[in-house]
Amino acid sequence: MSRDLRLSLTLLTMSLAAFFAAILLGPTPLSPVRALAGLFGQGPSGDNTVIQLIRAPRAVAAFLTGGSLALAGAALQGLLRNPLAEPGVLGVTASSIFGATLVIYFGVASAGPAVPIAAVAGALAATALISVAAIRLRSVATLILFGIGLSSFIGALMSLLLSLAPTPFTLMEMVNWTFGSVANRSWQDIALAAPFMAAGGALVLLARRGYTALTLGEDAAAAAGLDLQKHRLLTVLGTGLLTGASVSLAGGIGFVGIVAPHIVRPLTGHDPGASLAPSFLAGGLLLTLADIAIRLLPGTAELRLGVLAALIGAPVFVLISLRRRGGL
Amino acid sequence: MALRMKNIAVRKAAAVLVEDVDFTVDPGRLVAIIGPNGAGKTSLLRAGIGLEDHRGSVSVDGADWASLSPTERARKISYLPQKRPLAWPLKVRDIVALGRFAYGAAPRSLAGTDARAVDAAIASCSLEPFADRAADTLSGGEEARLHCARAFAAETPYILADEPATSLDPYHQRQVMKLFKGYTERGGGAAVVLHDMGLAAHYADDLLVLKQGRVVAEGPTASTLTADLIEDVYGVKARVTDDGVTVLP
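Residue numbers (numbering that gives the first Met the number 0), protein chains in the order written: chain A, 0 to 327; chain B, 0 to 248.
Don't read these hints as lab results, they were simulated from the structure. Take these hints with a grain of salt, some might be off.
Stated by the list, open to error - Listed next, with one range per pair, are the computed distances between beta-carbon atoms:
1. B:G234 <-> A:T141: 33 to 39 Å
2. B:Q211 <-> A:T141: 27 to 33 Å
3. B:N36 <-> A:S151: 39 to 45 Å
4. B:Q211 <-> A:L161: 57 to 63 Å
5. B:S68 <-> A:G298: 58 to 64 Å
6. B:R185 <-> A:F19: 57 to 63 Å
7. A:R294 <-> B:T70: 47 to 53 Å
Unchecked claim - Simulated pairs of lysine-lysine, DSS-like, Cα-Cα distance not exceeding 30 Å:
8. A:K229 <-> B:K11
9. A:K229 <-> B:K5
10. B:K5 <-> B:K75
Stated by the list, open to error - Simulated coverage check for chain B against chain A, where a stretch passes if three residues somewhere in it have a Cβ under 8 Å from a Cβ of chain A:
11. 69-79
12. 93-102
Just so you know, even glycine gets a beta-carbon here, dropped at the ideal spot from N, CA and C.
Please model the complete structure; the sequences and the hints are all you need to start from.
The following block contains the structure:
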C-alpha cells in the first residue's frame, strides 16, 4: 500500500470515529448502542429523531464544509504556489457570503437552490477575478493584498446591505450567515450543496497533477506539458464551486483551507497534487471535531463554528507566514 | 531531423526583443547561444517553445510546432528556464520525476519506463546520494545538476537550457557542461545560453551570437569565436587561443 493511500485511510478512519462521536455527544445523553440503533432507525422514535434529523446531518454538514474548504485551499495553494492562499484570505468566502445574503435580502432565500446558486456565483466571480489578477500580478504577496482589498470592498458592500435590511428578521438572518454555523442543518440543505461540492471536487482533482508540475514555476510547468490556461480554468471553477457550496451550507468559515493542507503537506512529501484528497479528509475531520467542541462547551449561547475556526485558524495563519522561508 | 526556428521575431510594446532570427539545432550538436544582456537570448528560447508571443515558425523533426499539443511538445523539447523557483520542498527524486509529466507519470508512484528514465537521469547527473533529500537543501551545484536531471528524464530529442551554468563555481560549471556534452554525444541536440565564453569555446560545437535581437554571427565555434567578434559584441578586448578565451583588462 502506498504511503498516500495509507494516510487517506487513516484520516478516513479518524473521520468515521469523529462522526460517531458527533452523534453520540450532545445535550441528550445516549449510550453508544442507543446512538447506533438511532442512526439506523432501530431505536425509540425520540432517539431516531435526535440522531437522524439533528446530529447526523449536522455532523455531515460540518465534515463536508470542512472538507470542501480544505480542498479549495489546497488547490489554490497549488495554483498560486503559496501556503497562505485560501478562499477566506483571498476574498472568495466574503464574495460568496455576499451572494448568499443578497438572495436573503431580496427575500427569495426559500426558493429552492437560490442560496447555493447565489453563493456559488459569488465565489466564482471572486475566483475568476483572482485568477485574472494572478496573471497580471507576478508576486503572490501582492495577490494576497489584492484578496485583502477584495475582502474589504465586499465587507463594505455587506455593511451597506445590512444597513438597508428591510426588517430586523432579515438583518438577523443575514448576520447569521456571516458567522458560520452548521447547527440545524437538514438533509435537504446538504442535498442542495453536495452536487456543487462534488462537481468542484472533481474539477480540482482533475487538475491535481498540474499543481505538482507548478512546483517549478509556470514556465517549467508549461514546457513540461501543462496547459496553463485550461489548468487555471479548472482550478477557478473547482474552487469557486467548493467554496460557494460550503458557504451555502455553513456560512462564513475561514482558515480551514490553510490549516488542513498545512498539516497534511509534510505527510505527502510536500507534493501539492498528492495532498488534495488527504486535505479534504483532514479539513472534514477538523471541522467535525471543532463542532463537537462547540457543543460540549458550557454556556447558554452556543459559540459559532466560524468564530471558533477563526480563533484557532488566524493564529496558525500568522505562524505559517512567520515561519515561511523566503518571505511570502 | 532537426529543431528549426525560422524568422522568429518577438516584440513587447514598442520594443523589438528578437528580430528575424533563423536558428537550427541538429541532433548530436551542442549550440551555445551567446550575447550581451538584453540581446534576446531568453526571448528567443521562450518564443521557440511557445511561451512568448512571436512571429515566425518552429518545426521539430519535420512537425510544425503550432500543430502539436502541450504534451506532444513536451516530448520533443525539454526546457530549463533561467529562473528556477521551487515552491515546495519536494524530494530530489520527485523533482526529477516531473520530467516525466508529459508521459502521465506522477512522482512517488513511478513504474516501468518512467521509473527507469528517472533512475537513469539521477545516475547520469550523480545525484544518487541526494535522491531522497528535500530539494531545498541542495547546494547551488547540486541544484543545477538536479534541473539537468529533470530535463534528461524527459528523454526528449532536444533540450533548450537558459543559463544552466550561471552563478556556479568553475568546477561545477564544467560539471554541468559535461552533462550537456554527454547528452549530445548520446544523440540529443542542445541549445544552451552561456555567458562564459571560455565554456562556449570549450564545449559548444556551434555558436549563435546575438546582439540587440539580431544574429551577428553563427557557425562552428572554432571558426566563429574570434577576438574581433567578442570586441564587436561585448565591447571588450579578448585573446582567443586554443586554450580558451581570456578577456583582457
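Do the hints match the structure? See the list:
no.: 1; hint: B:G234 <-> A:T141: 33 to 39 Å; verdict: holds, 37 Å
no.: 2; hint: B:Q211 <-> A:T141: 27 to 33 Å; verdict: holds, 32 Å
no.: 3; hint: B:N36 <-> A:S151: 39 to 45 Å; verdict: holds, 41 Å
no.: 4; hint: B:Q211 <-> A:L161: 57 to 63 Å; verdict: holds, 60 Å
no.: 5; hint: B:S68 <-> A:G298: 58 to 64 Å; verdict: holds, 60 Å
no.: 6; hint: B:R185 <-> A:F19: 57 to 63 Å; verdict: holds, 59 Å
no.: 7; hint: A:R294 <-> B:T70: 47 to 53 Å; verdict: holds, 51 Å
no.: 8; hint: A:K229 <-> B:K11; verdict: holds, 24 Å
no.: 9; hint: A:K229 <-> B:K5; verdict: holds, 28 Å
no.: 10; hint: B:K5 <-> B:K75; verdict: holds, 18 Å
no.: 11; hint: 69-79; verdict: holds (count 9)
no.: 12; hint: 93-102; verdict: holds (count 6)
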